[in-house]
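Undergrad: Sequence:
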Amino acid sequence: MQEAAHRARSGLGPTLIDAQVERFLPHTSDDDDTRYRTREELELSYQRDPIVLLRNQLEANTTLTAKIQSDIEKEAKLIINEATQNAEAAPYVETSEFNNHVYSTN
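At position 25 of the sequence shown the residue is numbered 31 (this note's numbering), and the sequence of numbers has no breaks.
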């Protein structure tokens, strides 16, 4: 993270931060993840969530204020709502195209 901050402050451009995160929810509504994950394991995953850890760090050093966080959340909601509206307005795919762009034909 320090290297990314240094690059940005030096005008060297953006840095991709690859934050490995746990999957907090089951794969599907039919997937009972309690069969293979303990609640303790899941709680530990929440505590190590890099998004939450970064937010907490930015709040602690006053880089992220409540106003900035609120603005980010508002903009994210607008983007999500627009994408949802576009998806819902898009035409349905013809049944003859269901198998297009599928990796396997078996």
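Since the hints were made in silico from the structure, they are not lab data. Fair warning: this is a prediction, and the values are worked out from it, not measured in the lab. Ideal Cβ placement from N, Cα and C applies to all residues, glycine included. There's no promise every hint is true.
Stated by the list, open to error - Label pairs and their calculated CB-CB ranges:
| no. | residue 1 | residue 2 | range |
| --- | --- | --- | --- |
| 1 | LEU64 | ILE85 | 12 to 22 Å |
| 2 | GLU103 | ASN67 | 49 to 59 Å |
| 3 | LEU64 | ASP24 | 29 to 39 Å |
| 4 | GLU65 | THR44 | 26 to 36 Å |
| 5 | ASN67 | HIS33 | 29 to 39 Å |
| 6 | ASN62 | ASP24 | 33 to 43 Å |
| 7 | ALA95 | GLU65 | 35 to 45 Å |
Undergrad: Are LEU64 and ILE85 spaced within 12 to 22 Å by their CB atoms?
TA: 21 Å, holds
Undergrad: At the C-beta level, are GLU103 and ASN67 separated by a distance inside 49 to 59 Å?
TA: Since the Cβ atoms of GLU103 and ASN67 sit about 51 Å apart, the hinted range of 49 to 59 Å holds.
Undergrad: CB of LEU64 to CB of ASP24, is that within 29 to 39 Å?
TA: 18 Å, violated
Undergrad: Are ASN62 and ASP24 spaced within 33 to 43 Å by their CB atoms?
TA: 20 Å, violated
Undergrad: Could one say that the CB atoms of ALA95 and GLU65 fall in the range 35 to 45 Å?
TA: 38 Å, holds
Undergrad: Given the hint of 29 to 39 Å, check if ASN67 and HIS33 actually sit that far apart at their C-beta atoms.
TA: Since ASN67 and HIS33 have Cβ atoms about 36 Å apart, the given range 29 to 39 Å holds.
Undergrad: Taking 26 to 36 Å as the hint, is the beta-carbon distance of GLU65 and THR44 inside that range?
TA: Distance hint for GLU65, THR44 holds at roughly 30 Å.
Checked against the numbered hints above, the structure violates hints 3, 6; every other hint is satisfied.
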